[in-house]
Amino acid sequence: MAAHLKKRVYEEFSKVVQLPQEEAPAKKLRLTKPSKSAALHIDLCKASNPTDALQYLLHFARSSVEAESVEGVVRILLEHYYKEQDNSVRLKIASLIGLLSKTQNFNPESILDDTLNTFNTEKSHQVLAQLLDTLLVIGTQLPESLIVRHRLIEVAYKHLSDTYFGVRNKCLQLLGCLGNVDTPLNKDGQGLVPAVIGGSAPGVSGGVCVRDAQSLISDYFADQDPRVRTAAIKAMLQLHERGLKIQQTIYDQACQLLCDDYEQVRSAAVQMVWVLSQLYPESIVPIPSSNEQVRLVDDSFGKISHMVSDGSWVVRVQAAKTLGNMLQVSPHFLEQTLDKKLMSDLRRKRTAHERAKELYASGEFSSGRKWADDAPKEKVDTSAVNLIASGACGAFVHGLEDEMYEVRIAAVDALSALAQSSASFAEKCLDFLVDMFNDEIEEVRLQSIHVLRQISTNITLREDQLDTVLAVLEDSSRDIREALHELLCFTNVSTKECIQLALLELLKNLTKYPTDRNSVWKCLKFLGCRHPTLVLPLVPELLSTHPYFHTPEPDMDDPAYIAVLVLVFNAAQSCPTMTALFSDHTFRHYTYLRDSLSHLVPPLRLPGRTQAPGVSGIEGSGSVESAQLFLQQSLSRISTIHNLQDPGAQDLLNFTIRDLQRLGELQTELAGAADFSATYLRCQLLLTKALQEKLWTMAVPLCLKHNAMATAAAKQMLEETYKLEFLYSGLENRQVATIHHVRLQAKALQLVLTARTRRGVEPLISVCEKFLQEVESFQRLFVVELPHLQESFVGKLLDLSPKLSACKPGELVKILQTTLRQSGFLNLKLPKQVQRASATIIEPTGESDNPLRFTSGLVVALDIDATLEHVQDPHNTVKVQVLYPDGQSHVIQPKPGDFRSPGPHRHRLITQVYLSHSAWTEACQIEVRLLLAYSSSRLCKAVWSDSSTEGLQPAEGATEGTIPFGKPVKVFIMPKPARR
Amino acid sequence: MPEIKVTPLGAGQDVGRSCILVSIGGKNIMLDCGMHMGFNDDRRFPDFSYITQQGRLTEFLDCVIISHFHLDHCGALPYMSEMVGYDGPIYMTHPTKAICPILLEDFRKITVDKKGETNFFTSQMIKDCMKKVVPLNLHQTVQVDDELEIKAYYAGHVLGAAMVQIKVGSESVVYTGDYNMTPDRHLGAAWIDKCRPDILISESTYATTIRDSKRCRERDFLKKVHETVERGGKVLIPVFALGRAQELCILLETFWERMNMKAPIYFSTGLTEKANHYYKLFITWTNQKIRKTFVQRNMFEFKHIKAFDRSYADNPGPMVVFATPGMLHAGQSLQIFKKWAGNEKNMIIMPGYCVQGTIGHKILNGQKKLEMENRQTVIEIERCEPGCCHLSLEVKLQVEYMSFSAHADAKGIMQLIRMAEPRNMLLVHGEAKKMEFLKDKIEQEFTINCFMPANGETTTVITNPSVPVDISLNLLKREMALGGPLPDPKKPRTMHGTLIMKDNSLRLVSPEQALKELGLNEHQLRFTCRVQLQDPHSDPDTLSRIYTHLKSVLKGYTIQHLPDGTVMVESIVIKVSSSAEEPNTKVLLLSWSYQDEDLGSFLSTLLKKGLPSGLSSM
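Here the protein sequences come in this chain order: A and B.
Residue numbers for the first sequence follow UniProt numbering, beginning at 1 and rising by one.
Residue numbers for the second sequence follow UniProt numbering, beginning at 1 and rising by one.
What the hints contain is simulated information worked out from the structure, not anything from laboratory work.
All of these numbers come straight from a predicted model, not from anything done at the bench.
Heads up, none of these hints are tricks.
The calculated DSS-like cross-link candidates involving lysine-lysine, where the alpha carbons are at most 25 Å apart (straight line), are:
no., chain 1, residue 1, chain 2, residue 2
1, A, K512, B, K303
2, B, K292, A, K895
3, A, K123, B, K477
Listed next, with one range per pair, are the computed distances between beta-carbon atoms:
no., chain 1, residue 1, chain 2, residue 2, range
4, A, L58, B, E273, 54 to 62 Å
5, A, A423, B, K5, 57 to 65 Å
6, A, L58, B, V467, 46 to 54 Å
7, B, K5, A, K123, 47 to 55 Å
8, A, Y592, B, K280, 54 to 62 Å
9, B, N315, A, A423, 50 to 58 Å
10, A, V314, B, S571, 54 to 62 Å
11, A, F972, B, K280, 36 to 44 Å
12, B, E273, A, Y592, 54 to 62 Å
13, B, G232, A, F972, 35 to 43 Å
14, B, F294, A, V314, 17 to 25 Å
15, B, K477, A, V314, 34 to 42 Å
16, A, P514, B, V295, 27 to 35 Å
Think of the CB as a built atom: it goes at the ideal place given N, C-alpha and C, for glycine as much as any other residue.
Start from the sequences, fold in the hints, and give me the full structure.
In structure tokens, the structure reads:
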């Protein structure tokens, strides 16, 4: 198949090339096409029985046909169609015509008449349905043509009264997709009477487009076949999507369909009711069996809520999802969805939620010791109990307890959407969401935690609720715990006990799962920031200070102690009185942490400290700008260098590189930009050094052993350019051109070096040609950037370009050598945002001394957990490399499902790599690292595709490779010999 | 009129010994055959003499259906089939068939070996009885005989619990057995399609209760267990062997897994191991989560739950123990309770209802000092325990109550009614007073009849079954060809045809075909009628006057004036004659065939009124 495709590509390609050259190619094209259709014709004629014909057609369907020959093929197919007796063959032909009309660049209008003609003779319902489907395809290909649409709709009208459901289905589909959207409403504006013409079949009378598609389709809401009913609703929805305003009169019909016997009808009806509720939210509908009236959106909300307890889970999912999209509903109805009246032996009972709330309000917490503490209280009036939930009552209570997790997830999502729009509802649904933390399916738990985080700006957690939330911290799933940490970052709590509770549980979490360290610290940072006043009274206890006695100084390496300090310091940031409570060692620890964990510990105003408050204040606000300024200054200083051969240039470069590197370490915001420029400058420095080698003055035979340094420099420059190009995101075309320019320089250097070391001209010729090609492609790629490159290496080279292609390798080398020496320094313009891709392997930590034991020859799975930042498209580029001590290395491509994306520009890789090796005598370390794979062809292709002139072997110029990024981690493993 | 009769032999306005007789379309079916926990005498089993005074039941019953394996639904089965005598088919689902004999055997052992009763069924009888069982699959329609068919739906009460639809022709009854509309940790929710049965026989254990969400209860339960275990205390959970026990096991097992807990969980009964084995096998009957994950790991293969040994009770450190029986009245649970009762760190969680008089009931009511009954066995146990030699026991441990029940509550029952849309409702398996409330509600909300017969009381429901008739395609096509509005499923339409009842089948065919098939000649039936008319014109003139008159009145009908002196309106012939003596009194002769009766009678009344005067003769 692939080979076939390739052949096809070349075939097409060659034709395209021939076109401008000869007069005759059109003829040639035509010659090939009929032969193809002729082959089909012959095949079909050969077929003695329908089975054979069907086989031929099936075979034919697999090959593709060019746009020019489609028409011919269709004619042949149709010719055969009229001759064919067998339904299945005709059906296949009909479907083939549909397929063919989808061919690119083919205008199906030309075959429309022929296709329409087939309707006159067709008797089989199945074939008719397929033909209508073909018309649908043709119609969707020609959305512009009104006439075509009218003709197709006419056909649909005619066959709407067919007895076979499939035909009616397709007709409705056709009407939905192509029906006239622009039909004006009645002159009186709103209330268009549904013109239900009882008797004659619509459309037969000849006055075709008299009735608009809408009322016609609505007639089929009551069709006897459920599939047709579904199709009718779907067609109506389609019309709505295409911009037709659906009339409100359909509402009653749609509501009736909610009680249909068939699930697909009900499911579609839910959508229909929703669409209407969005169109006419404010109109008033009467409540049956009473003289009250409600808004339509409330009424439909009630009806859809009712569907949440439907018998079919498909409908339940649909209903639950839909509820989340009904934001205009009145709060009264909305709150009903969480309502439930409990009863036991006809006595009113309070729900556990209510009890918890009361207990909390009364100051007593978590008693529940007694049996029958939930004993029912007052007697219920039997007549007042409404067992059938009318309207929206308890819809979410049902949905959240559903058997299928799909429904539960949909309900949770809907809750989230509704809660975000209504603060009071958010408050109410809190209990229910918190309950969902205990769901049996992890996905649901995770989703409810996420949802709670989304609405947490609207709410404050009560102590008992927080208690339930915190219980989940012990979950063994890392995803759940981290989601919960994230949630705690955004939560508001009401009392200092809550803070204490949260801290306690987080510390427990920390001891149980030490790997959560970073996440827990981060969580406490936000907790402290948000609740400084609540933390204040806790400080003496937290830091275990005593008014009279000195307490022992805690261990600075204890993660739990650090966690407490993070909480306190962040609270102290906005609570100046807090620092007075610190003891001496706390201050010392502060300075240490401020330096080592600067992202977690904020700058504090400390009384009597050497860091004057003023300085730290300025540092806090202006540091980024000043760093930016420094970066600019360094770069502009560099730009004073005109020629790399200048005497002071090297020193200047050296210093600047050092400055930039330090800047990158200090200012995380600018790390990308600083690193980028530093790397670039290092390339330049390398080039300069290489060119200043003594080697160039030496005679050719002598330099053999001296050129090691220059060769290494050229190689390193090449590597660095790939890093520059692929490791940084946010680069503009200008920078890419600069990088490519450096690469060219490196390649030129390599070429010159080869010329000097190798004997003979033969190998040199091919290398030169390759180099020239690269220069050319550079020119092509960066036409726009060329003016900026006037003075540079390439600019000079291009000035000489006519001479270059003609000259001999020897001359070329000489030219290159001089140009390299004379070319000026190319200034680097920094783009606004440069980010360096980075990766940190969190797990394995590499600290473990226990080797991973396994039987040699078998595999062992190693869990890898890493965070990736600023990596574009990690699914394709990030790979894991395993290096064994014997130099073997494996590269493993993680599955796309192993990547999660917790935030913008942030990815998380959680995967397993399989290790295996033959037996070792003792445990040894292997190295695990992450690689960023790149392929320059990707970029080039994108550029070339615009200029379609010659797409010569795009793969050849491409360089593929990998860049290691992130620190490698060492893992002890110990393959044991297998026991016999 | 065809009717369906329902007579509960047990479970009518009562809980226990479920046994309901249904007569439908000439078939007799027994639904469930249970025993009553509360009695030890003859009232323990349903009164089968209601069916027949002597002899075997086989000829009176077409089949027996057992809904699930609880003893109050299947406990009397060997007694009925082997001791009273029944050889017909017994239907139950696969899991029920697997677990039912275990429980029956256990029941037999307690009654015969422990209580020393004689004249009880033997192990062999249980085996013989189980040989008569025909297994059912979910949603599988089983043809009991040519007319009677049954179909099982998922009920979610315990593993293998089913609701059954019994159908004869177009009449049908659905029996729910016990069911649960809210899913739990190991089972899904009951489900039925819109089958619109004539009667829906539903349990109504919780007719007057609307329950809180399951999640709160689960969370409370887990939290309590978790806290106690963290404190280093021991948790005792007295359970009945099957059903809820498995649910709680799953709950704790997943919780232990999730929270990475290490404290051991023990399960203390031999019977359960056998049953757990079946739970592992019948994965298709469990809930979505278990079904979806069993490929990786079968949830019933417990990692943390191990078998209990008596010596473990004295082990230090935290643990959780499930022990039978559930009401703390005897056995292992009581022994462990006595050991642990003195320590306030420990906890006991009662997951179900306790009968009055049991220790479970006492401690639930907050009794702090228990006087042990002066029974020999108890004292012996007491003596064995060092340091606990007196008869009164201080209860220091925490007592919690958690209700985990797998019956539908009032809302659930209503939900099921809405799903099935029955024409009549019948409540069993509940207390009369509570049923009364639900009955009112059902009648009010759904406007359908609701019955609640007591034991032995018969409810009769008259049905209006639709009789299917085969119609010949030709006749239908002819009718179609006549035109008229498109077929509308909501409007009845009249058509002419002949109904042939032959060989137990009904067919509607065209008259000609009927005649041909039956070998009969067609008889023409014509009505003739004379109408006297005063008209001074001559006969032919009168006729032509009639012709013009009719032409003006009956538009759209073919009216011909034939040369032989007649006027034809469709197939109706009109002639005019007059006697010589009274030439002005014309006698019109009308003749029409039976098929044109409507038009003919219309014409005769029209002509009786006379001709309008203004008519020209031409």
